[in-house]
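There are 4 protein chains.
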Amino acid sequence: MAGNTIGTLFKVTTFGESHGKALGAIVDGCPPGLTLTEDYIQEELDKRRPGKAKGETPRKEKDRVEILSGVFEGLTTGTPIALIIYNVDPQSSAYEPLREVFRPGHADFTYFMKYGLRDHRGGGRASGRETVARVAAGAVAKRVLQEYHVEVYSYTINLGGVEAKERDLGFVEKNHLFCPDPTVYERMLAKIEEAGKAGDTLGGIVEILVKNLPAGLGEPVFDKLSADLAKALCSVGAVKGLEIGAGFKVAQMKGSENNDPICAQGFLKNDAGGLLGGISTGQDLILRVAVKPIPSHRLLQKTVNLRKEEVEIQVGGRHDLSAIPRIVPVLSAMTRIVLADHLLRQLAILAFRARLPFPDFFKG
Amino acid sequence: MAGNTIGTLFKVTTFGESHGKALGAIVDGCPPGLTLTEDYIQEELDKRRPGKAKGETPRKEKDRVEILSGVFEGLTTGTPIALIIYNVDPQSSAYEPLREVFRPGHADFTYFMKYGLRDHRGGGRASGRETVARVAAGAVAKRVLQEYHVEVYSYTINLGGVEAKERDLGFVEKNHLFCPDPTVYERMLAKIEEAGKAGDTLGGIVEILVKNLPAGLGEPVFDKLSADLAKALCSVGAVKGLEIGAGFKVAQMKGSENNDPICAQGFLKNDAGGLLGGISTGQDLILRVAVKPIPSHRLLQKTVNLRKEEVEIQVGGRHDLSAIPRIVPVLSAMTRIVLADHLLRQLAILAFRARLPFPDFFKG
Amino acid sequence: MAGNTIGTLFKVTTFGESHGKALGAIVDGCPPGLTLTEDYIQEELDKRRPGKAKGETPRKEKDRVEILSGVFEGLTTGTPIALIIYNVDPQSSAYEPLREVFRPGHADFTYFMKYGLRDHRGGGRASGRETVARVAAGAVAKRVLQEYHVEVYSYTINLGGVEAKERDLGFVEKNHLFCPDPTVYERMLAKIEEAGKAGDTLGGIVEILVKNLPAGLGEPVFDKLSADLAKALCSVGAVKGLEIGAGFKVAQMKGSENNDPICAQGFLKNDAGGLLGGISTGQDLILRVAVKPIPSHRLLQKTVNLRKEEVEIQVGGRHDLSAIPRIVPVLSAMTRIVLADHLLRQLAILAFRARLPFPDFFKG
Amino acid sequence: MAGNTIGTLFKVTTFGESHGKALGAIVDGCPPGLTLTEDYIQEELDKRRPGKAKGETPRKEKDRVEILSGVFEGLTTGTPIALIIYNVDPQSSAYEPLREVFRPGHADFTYFMKYGLRDHRGGGRASGRETVARVAAGAVAKRVLQEYHVEVYSYTINLGGVEAKERDLGFVEKNHLFCPDPTVYERMLAKIEEAGKAGDTLGGIVEILVKNLPAGLGEPVFDKLSADLAKALCSVGAVKGLEIGAGFKVAQMKGSENNDPICAQGFLKNDAGGLLGGISTGQDLILRVAVKPIPSHRLLQKTVNLRKEEVEIQVGGRHDLSAIPRIVPVLSAMTRIVLADHLLRQLAILAFRARLPFPDFFKG
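In order, the protein sequences belong to chains A, B, C and D.
Residue 293 is where the first sequence starts when you use my numbering, and the numbers rise one by one after that.
Residue 293 is where the second sequence starts when you use my numbering, and the numbers rise one by one after that.
Residue 293 is where the third sequence starts when you use my numbering, and the numbers rise one by one after that.
Residue 293 is where the fourth sequence starts when you use my numbering, and the numbers rise one by one after that.
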């Protein structure tokens with residue numbers, strides 16, 4: 293049943309299928325009085341558009357976001373902000389042969405088992421296209437965080453096994469792979485081209501870095517910031533792993549190595565990834581997610597159809613060769629949605645601690 | 293603010309501090325008519341008790357769970373099941389020297405930043421002891437899942453770098469480290485002893501395996517089963533990483549390798565870890581979490597106190613040498629809580645699809 | 293912060309302002325496999341349209357609902373159903389003089405105090421127009437309830453003091469006031485005309501009757517069906533009172549009068565209004581709500597502006613003379629939304645009690 | 293399924309049955325740093341104790357609340373506050389004859405239909421005794437509201453038809469009926485005695501008055517303060533009606549009468565009951581609830597048993613003659629729980645509007 297809403301004070305609900313009429317998000321709980329424009333949101337959406345690969349003619353971008361509510365004369369009003377992106381020309385006929393077949397690695401089978409029927413066109417609700425609504429909502433969260441100077445960066449640190457060593461944030465936005473390491477960028481590109489020629493697809497790892505996050509965000513014990521980030525990031529289709537700070541390396545660390553000592557100026561290192569007891573320390577937040585290779589490749593695959601007959605399929609159509617780079621802005625968006633929510637939750641505590649007064653119109 | 297409740301239909305709320313009067317859980321949404329005893333719950337609690345290490349005299353176990361409500365004449369009634377475990381003899385005085393000092397690797401600093409004050413005794417709410425309430429609640433979830441033959445196993449596949457290769461489930465419950473590999477068990481023990489002698493602590497990796505899970509559990513798009521499991525597992529104190537199925541290995545896999553082909557008898561392998569589109573496939577569920585070394589070791593640590601003065605501390609008292617094995621039953625418990633919730637959520641869909649009739653007392 | 297979502301398994305989120313671009317609802321948790329068309333939803337919307345009064349030329353209806361997602365080839369898919377109604381030609385300039393003035397009886401003042409700014413055009417989010425999204429969502433709930441033959445009727449039993457004695461359900465849909473009593477209908481109409489001539493507006497009482505509701509809906513103790521209905525109905529703008537069954541008459545009843553005796557064929561009367569302990573008994577559900585007169589009348593009113601200056605205003609424009617009859621389908625809609633949610637919640641219990649099996653594709 | 297939790301930021305979960313081991317509440321989200329003692333909570337509990345009637349020897353009060361967590365050295369810590377009240381000597385044998393019989397006016401039948409079984413002793417979870425946990429939780433909410441000088445008063449304005457005209461708040465706490473009118477108090481007492489002699493029970497009406505409530509509490513559109521109060525109050529067992537401000541009188545009021553004009557000093561009257569658009573205006577909040585007569589009277593009643601056989605029963609044991617006065621502190625408690633929650637929700641908005649800074653330990 294219902295599972296398309298996330299957040300407590302800053303709450304996001306999304307809708308839409310890959311080949312339906314439209315996708316969108318309702319952002320409920322955005323504070324009032326913030327400037328917000330369609331252009332501001334569009335800028336985030338444009339980061340996830342395809343067709344920016346080297347040597348390629350950029351396709352004319354068709355995803356246009358529209359604000360339907362919650363903004364008045366350029367300012368947020370505190371009421372729900374509805375964002376809509378119409379699907380233009382979805383070309384569903386390419387999916388007709390797949391109507392009764394379960395594509396391996398896709399949600400075709402699970403949706404069928406869950407619901408007894410499914411929208412087979414482009415993966416329906418389970419399509420990567422669903423994330424366009426997340427990115428739109430994440431742009432509103434970005435606007436909220438901006439007031440507190442919280443900055444979220446995501447970048448590709450591993451693509452098909454090619455690893456980035458450097459973290460040059462300036463370079464990240466200059467290359468369409470969101471690669472932070474100028475010295476490996478070309479190798480990543482080559483890796484993708486190679487996969488493309490073989491008709492195959494690639495996985496990778498994306499790192500998320502948050503700067504200027506205040507200390508104190510996250511709640512004991514289930515709504516830890518770590519837990520809510522884990523949920524938000526693992527709710528993105530292709531994610532199969534998550535690390536916080538030192539991540540899986542902690543398995544081989546001693547307590548004396550793993551603990552981050554503290555001095556009068558702050559923490560002396562950051563293996564914790566900015567979270568202690570699931571609550572932000574004020575250090576940089578550092579997360580990493582593993583992204584599986586896109587299941588729609590061009591090679592022959594064994595599967596079954598609705599009548600349990602074994603068939604071989606070859607998924608046609610134009611598909612990305614990796615969920616990276618398009619997933620990168622999605623991961624930033626999900627991170628921001630969680631942070632905006634927890635920032636507001638902690639503000640309620642701080643406001644009470646400060647006995648922040650309520651305005652009184654008549655006495656004021 | 294409020295963050296100590298998890299779940300939608302099967303909802304768990306916990307309370308309690310390490311050195312407070314009691315810890316406990318309210319399990320709301322357990323179906324009626326199930327046999328449930330304190331012994332059944334106690335059995336799970338006993339799995340997380342300390343003092344079972346080789347050559348050690350088992351300490352007299354003091355954690356006794358009591359059922360306060362929701363069970364009548366041995367059967368669950370459908371109303372909230374309150375479970376309480378009183379703290380016996382917490383010996384808080386050992387923590388007096390730490391009253392104004394932030395222990396590195398602990399939540400002392402973050403709780404202080406969040407709330408402006410904290411219960412310094414044994415970590416308060418952020419103590420590993422908090423998990424006793426999770427295990428108690430998880431036992432109720434286990435009872436629910438039992439009716440559908442869903443089985444959850446957790447075991448230690450890496451302890452301080454010593455890796456288990458085999459997965460001998462029969463062996464798991466026979467050794468107190470929950471090690472699934474008889475051939476490395478002694479090496480794990482030796483590793484712990486070595487750390488103990490050095491005054492240090494160890495991290496590790498725990499794998500979670502779920503058998504007989506029906507297909508169709510999990511909701512698009514935020515309440516994916518994967519996402520809710522990620523939240524539940526990452527809400528456990530020491531967890532710093534999570535993998536589903538092939539996990540971080542997907543970064544180096546091709547789509548043609550990673551996809552699990554399907555034949556008339558089922559899936560031909562399980563790199564997906566039992567989840568497609570975040571919904572269960574009916575295959576085994578496979579998850580892994582990275583557990584950081586316990587931050588309370590006996591070596592000198594640099595830190596600061598409330599007045600920002602730099603101090604060196606040595607954390608005294610009796611502490612475990614690794615969160616493993618005690619975290620193992622906790623991870624099973626959290627997994628079961630999420631699965632019970634999603635099983636009930638999917639039952640609502642299946643019941644509607646079947647137009648399951650409502651009983652009519654007077655006409656029936 | 294976020295407050296525009298209602299429901300647990302059947303969850304409705306709405307958005308939109310009176311003079312914004314569009315209003316709409318996301319219905320998340322509608323079971324799959326139900327036929328659902330825009331015409332079906334439109335039929336409900338048409339019940340709340342204005343301009344059907346006696347002797348009046350019906351205005352060309354402009355509110356058209358569009359389904360954006362969640363329906364595929366005519367059937368619900370289980371994923372969120374997005375419904376949108378574009379605002380056509382809102383004529384906001386009429387509200388320009390009210391930009392800095394708080395209209396008495398409206399939410400102008402409270403929105404300003406809450407948010408520090410407000411969309412003054414037509415009441416913004418606080419307009420009665422917001423209810424169009426509720427009615428659209430309620431139509432989906434109606435479709436769900438239809439499968440279990442649950443029928444919801446709402447009708448006007450008091451308009452400006454004119455009381456209906458009879459409950460002729462057949463007559464209700466035949467007159468645009470939703471009056472259930474043919475003998476008072478003309479008097480109600482006369483009362484409205486009289487108010488209109490005086491430039492004033494009328495309140496009233498609406499009764500809600502639910503037939504064929506199964507027993508067992510509602511949860512202890514906060515999510516009682518009575519409590520959730522109270523919330524849903526009192527969340528409708530003009531509602532200032534609520535009664536269940538005998539309602540306020542219970543204050544003067546003895547226990548021996550108020551209790552409904554039970555015989556082998558069922559309950560012998562229904563002062564409880566179909567709810568005992570907040571859970572449905574299987575009898576008819578009977579609720580009544582008090583609807584305040586529309587605050588936008590044409591007489592002079594004393595108020596203040598943003599600068600606390602006292603001013604006299606006369607609210608112009610075309611306004612209804614009573615929230616009745618337009619609120620009647622809104623109340624049905626809210627009732628249905630709550631009932632659909634609780635029906636699904638109870639189905640989860642019944643399914644578990646019956647150990648409803650999960651389908652197994654490969655073994656099945 | 294789960295329905296025993298209420299609130300968003302200030303969240304209350306309760307448990308316990310009439311004749312179980314204990315009842316209690318978890319209050320999650322109480323701000324840190326507040327003094328809180330068992331005596332403070334006990335004071336509220338004592339207001340709902342029985343045996344204070346005129347001429348009666350007060351029974352030794354046995355309900356003692358204990359704080360199990362969330363308070364450290366006398367101050368709230370921000371973590372869940374667990375409150376427990378053990379049942380002492382419940383004497384369940386008196387209910388043995390009712391094991392298989394549905395008492396009219398009680399939840400016996402509905403719990404049986406919902407769950408297929410029930411705890412028949414004293415009504416189980418559906419007993420009025422369940423409210424002891426609400427009152428305990430409400431005391432914590434009172435402590436929160438106290439910091440903002442918000443005051444909640446509840447008093448009996450109608451008992452068995454005897455109406456209070458005056459509102460003497462000083463008198464309210466001086467008489468055990470919580471009657472606000474010294475001139476009718478004796479008549480109310482006489483009415484109760486008369487009912488007692490006849491073996492019958494009485495209903496009544498309770499008014500709730502809130503002073504010093506800030507403007508701006510409540511959220512559009514479903515989480516209106518009015519809606520959340522309606523839910524909270526209608527979740528109390530015997531409540532069958534609710535009024536806000538003028539309540540059902542609005543049915544006969546004109547818009548020109550009902551609207552509250554505004555002048556530079558404030559509102560000129562308060563028919564709105566302190567709520568416009570469901571958001572608090574800063575005026576007094578005024579609510580009224582109708583309380584049904586206690587269904588356990590001593591006269592013969594027709595009913596059926598589990599085998600659908602018609603039987604006549606006479607409910608024995610010692611029962612109150614009216615839910616009033618014991619329900620009065622319960623209604624205050626529920627009101628406070630909702631207000632504390634919405635106060636914190638609005639503080640998050642105000643804090644953001646003020647860009648309330650986060651503390652920085654190392655730079656601060």
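Do not take every clue at face value.
It does not matter which identical chain is meant; a pair holds if it fits inside one copy or across any two.
Dumping the calculated SDA-like pairs for lysine to any residue here, alpha-carbon to alpha-carbon at most 25 angstroms [to be verified]: (1) K546 to V603; (2) K313 to T329; (3) K354 to S384; (4) K541 to E458; (5) K655 to R590; (6) K594 to D355; (7) K655 to E388; (8) K541 to E486; (9) K561 to R599; (10) K313 to P324; (11) K655 to H311; (12) K313 to Y332; (13) K483 to Q606; (14) K313 to K354.
Treat the hints as calculated values from the structure; they're not laboratory data.
So, going through the hints one by one against the coordinates:
Within a single copy, K546 and V603 get their C-alpha atoms only as close as 51 angstroms, which misses the 25 angstroms cut-off; across copies the closest is 21 angstroms, which meets it. Proximity of K313 to T329 under the C-alpha cut-off of 25 angstroms is found in both arrangements, the shortest distances being 23 angstroms within a copy and 14 angstroms between copies. For the identical chains of this complex, K354 and S384 are intra-copy neighbours only, at 16 angstroms inside a copy versus 31 angstroms across copies, given an alpha-carbon limit of 25 angstroms. For the homomeric pair K541 and E458, the shortest alpha-carbon distances inside one copy (19 angstroms) and between copies (21 angstroms) are both at most 25 angstroms.
In the homo-oligomer, the alpha carbons of K655 and R590 never lie at most 25 angstroms apart, since the shortest distance is 71 angstroms inside one protomer and 30 angstroms across protomers. For a Cα distance limit of 25 angstroms, the shortest separation of K594 from D355 qualifies neither inside one copy, at 34 angstroms, nor across copies, at 49 angstroms. For the homomeric pair K655 and E388, neither the shortest alpha-carbon distance inside one copy (68 angstroms) nor that between copies (27 angstroms) is at most 25 angstroms. For the identical chains of this complex, K541 and E486 are inter-copy neighbours only, at 19 angstroms across copies versus 31 angstroms inside a copy, given an alpha-carbon limit of 25 angstroms.
In this assembly of identical chains, the alpha carbons of K561 and R599 lie at most 25 angstroms apart only when taken from different copies (21 angstroms versus 57 angstroms within one copy). In this homomeric assembly, K313 and P324 come within 25 angstroms of each other (Cα to Cα) only across copies, at 19 angstroms, whereas the closest approach inside a single copy is 30 angstroms. Proximity of K655 and H311 under a CA criterion of 25 angstroms is satisfied in neither setting, with 56 angstroms inside one chain copy and 32 angstroms between copies. Within a single copy, K313 and Y332 get their C-alpha atoms as close as 23 angstroms, and across copies as close as 19 angstroms, so both meet the 25 angstroms cut-off.
For a Cα distance limit of 25 angstroms, the shortest separation of K483 from Q606 inside one copy, 22 angstroms, qualifies, whereas the shortest one across copies, 50 angstroms, does not. For the identical chains of this complex, K313 and K354 are neighbours both inside a copy (14 angstroms) and across copies (21 angstroms), given an alpha-carbon limit of 25 angstroms.
Going down the numbered hints, you'll see the structure goes against 5, 6, 7 and 11, while the others check out.
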